[in-house]
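Going down the list, the protein sequences come from chains A and B. Note that the numbering used here gives residue 262 to position 183 of the first sequence, counting from 1, and the numbers run on in steps of one. Note that the numbering used here gives residue 335 to position 256 of the second sequence, counting from 1, and the numbers run on in steps of one.
In case anyone wonders, no lab produced these hints; they're calculated from the structure. Where hints are given, some of them may not hold.
The list treats identical chains as one, so a pair stands whether inside a single copy or across any two.
[What the hints assert, rightly or not] Cut-off 20 Å, straight-line C-alpha distance, at most; resulting in silico cross-link-like pairs (DMTMM-like, lysine to aspartate or glutamate):
#  : residue 1 : residue 2
1  : K381      : D336
2  : K163      : E111
3  : K164      : E111
4  : K168      : D418
5  : K253      : D125
6  : K339      : D373
7  : K253      : D356
8  : K166      : E111
9  : K397      : D385
10 : K168      : D321
11 : K366      : D125
12 : K200      : E111
13 : K372      : E130
14 : K338      : D377
15 : K427      : D138
16 : K346      : E130
17 : K253      : E120
18 : K168      : E347
19 : K110      : D410
20 : K397      : D410
21 : K427      : D294
22 : K142      : E236
23 : K142      : D280
Values in this document were obtained by computation on a predicted structure and should not be read as measured data.
Protein chains: 2
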Amino acid sequence: MKNLVVIVLSVVLGTSLLFIRPSYAAGLAVKEIGSFYVGGESVNIDMSEEEAKKLNLIDSTGKVYSPNGTYETGQMYVNYVLLKKTKAKYPLMMWHGGGLCGSTYETTPDGRPGWQMFFLKAGHDVYISDSVERGRSGFSMSPYIFKTQPQARSKEEMWTLFRIGSEYNGPAGKPVAFPGTQFPLEYFDQFAKQGVPRWTDTDPLIYAAYLKYLDRMTTPSVVIAHSQGCKFAMQAAIDRPDKVKGVILLEPYTPLDIKKFDITRMKETPLLVIYGDFLPNYPAWVKWARSIKDTLTDPLIKAGGDVTWVDLPSVGIKGNGHELYLEKNSDVIAQFVQDWMTEHKLMK
Amino acid sequence: MKNLVVIVLSVVLGTSLLFIRPSYAAGLAVKEIGSFYVGGESVNIDMSEEEAKKLNLIDSTGKVYSPNGTYETGQMYVNYVLLKKTKAKYPLMMWHGGGLCGSTYETTPDGRPGWQMFFLKAGHDVYISDSVERGRSGFSMSPYIFKTQPQARSKEEMWTLFRIGSEYNGPAGKPVAFPGTQFPLEYFDQFAKQGVPRWTDTDPLIYAAYLKYLDRMTTPSVVIAHSQGCKFAMQAAIDRPDKVKGVILLEPYTPLDIKKFDITRMKETPLLVIYGDFLPNYPAWVKWARSIKDTLTDPLIKAGGDVTWVDLPSVGIKGNGHELYLEKNSDVIAQFVQDWMTEHKLMK
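In isolation and in its complexed conformation, chain A is listed as follows (with noise of 0.2 Å):
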């Protein structure tokens, strides 16, 4: 009798245990949620009324306001969501594209898990940035401490530049999409909502930043760029080939400034490069792609770097534009990724 109580409830304590382990193990063990910002610099502006008035510093109520004082600039802000226990060797960092910010590689805008779920899933721990002036990292004043104005990217150049379609004001000022695209077209506003304005001549504080956060990780990292951000992350896996041990490129549109950068010192370092769909219904970026071929890929695989090159339609995945990381199949080149990094020996 007494047998039969200790089996009774050593079964009903396993079972029950058993009940609630599943329930975890379908979502995250996360050990740490949190962020910080790296980089930037302090800046002190001091300029009589006269010239605040020239520059239309204007408030609200409309006298001219004085904005002499202390500011910081160029930093930038990153956050990081940490595993219990991580199947990669190494941390994943999303590194996104211009006129975007971290936001992009969350939740898509259809509203299914984007690459940051994904990746955690996968068992990485994920770091996103927003790049200097983009996003929570903050803009610096215009023209006092920034020199140049900003500039919005409209839905009309996001449509046929992201090779959504041909057109955005097609016949009866209805947009028109290409065949076949894997874009959730419904959601193209929630896509524009994510759009920041950038400045276009801060590339050097960028990639300072940049710098300053992969010497701020303690061990190295594998970066996914997306376009603009491919510039850094190809710079860096250079100057830093010990903080970088692997770079995935997603539709990078920079060539490499082979004068500045010595693509050598990363030929130890893994290479992915992917590039989606219906490159040739917007020539430029053939040309773009091909400039990436000439100063970054064809010079690393002579050097006898490891380099794998993608167009996703060769390997029967069709239909992608320039957004490749949160259109509708973005779970299957998310395990495409996957797979590359495993077969590349990134996994434990």
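Assemble chain B onto chain A, guided by the hints.
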């Protein structure tokens, strides 16, 4: 013998599962991390090159550029962390103050877990937004979408207005802090990096987005708001008593417009108002706190509302300035808020 095997197996099973469980319990069991954009609308810009020139729309190559096209404006970014199992009845929203964005509730400037982690660990789903035109919400171009210029807050102004000390440029050029301040002084620049420029005439846009955000939620919420955010939180508690089930105001300064808002509508909503230390050191704060008593809490008490007013020094918590939720004793104040929520039946 068979019984013994079953007992042993059952106990081993139960114990091993017990052994695994605490490693999850020490961190967070997270269901989902994500974000969305809410509110905003499409706006079309159509101007001549002459007008663009007059607005000084010059790109980095020195050429006039056309901003013509369609843009999203007025949207708000919301980040969320959802737990596998909550202990709170409602999600907890955190609304930031002026010149900052949602990052202020994440890791503190001195690198400790901020209120986001504290309240996640206490069992709340946590939603953190960036108000319209701040941080990841993006801003609209001035002066052709937004009509005025943004303003940035200098470190000099932060230091005194936020009651960290009496002067930023003190003797020998060094900042003078209040004796006993809880602000992590050696991390003041880290805090200043959180600063984002703000427009001073966007309150109606911001409030509209907060209402859309509350309406988008499928359940009511509890709102923690700081500084400028308090204005929107008190208004929303009145406009949406079905959506706001508890309000915690940290250092509000804008009196309620009692001609426009019927305070009796929030009389079922528990309200906690918290002020820090050193109010008389910056006399406007005494006046601002008085205006909150006059327009919000006194009338609400008169109407039979559930109001808790706390001057932290009066409960033995000393040395806090305006940024009390991120100062060195931030966990002590968070625990105070958590206890208040428990007392006010906001936990399961």
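With 20 Å as the alpha-carbon cut-off, assign the pair K381 and D336 to within, between, both or neither. within (17 Å within a copy, 71 Å between copies)
At most 20 Å between alpha carbons: which applies to K372 and E130, within, between, both or neither? neither (49 Å within a copy, 41 Å between copies)
If the cutoff is 20 Å on CA atoms, where do K142 and E236 land: within, between, both or neither? Let me know, please. between (37 Å within a copy, 18 Å between copies)
Measure nothing new, just compare the shortest in-copy and cross-copy C-alpha distances for K200 and E111 to 20 Å and report within, between, both or neither. For K200 and E111, both the intra-copy (15 Å) and inter-copy (10 Å) Cα distances are at most 20 Å.
Cα distance capped at 20 Å. Does K164 pair with E111 within a copy, between copies, both, or neither? both (11 Å within a copy, 17 Å between copies)
Within a copy, between copies, both or neither: which one fits K338 and D377 at a CA-CA cutoff of 20 Å? Intra 15 Å, inter 70 Å, cutoff 20 Å: intra-copy only.
For K366 and D125, with the copy left unspecified, which applies at a CA distance of at most 20 Å: within, between, both, or neither? Intra 46 Å, inter 31 Å, cutoff 20 Å: neither.
Is it within, between, both or neither when you check K427 against D294 at 20 Å Cα-Cα? Classified as neither; 23 Å inside a copy, 44 Å across copies.
Alpha-carbon proximity context of K163 and E111, limit 20 Å: Both: 8 Å inside a chain and 15 Å across chains, each within 20 Å.
I want to check one pair: K427 and D138. Are their C-alpha atoms no more than 20 Å apart within a copy, between two copies, both, or neither? Neither. Shortest intra-copy (56 Å) and inter-copy (47 Å) distances fail the 20 Å Cα cut-off.
Under a CA distance limit of 20 Å, which applies to K168 and E347: within one copy, between copies, both, or neither? Answer is within: at 16 Å inside a copy they meet the 20 Å cutoff, but 52 Å across does not.
For K168 vs D321, is the C-alpha pair at or below 20 Å within one copy, between two copies, both, or neither? within (14 Å within a copy, 48 Å between copies)
The structure is inconsistent with the numbered hints 7, 9, 11, 13, 15, 16, 21, although it conforms to all the rest.
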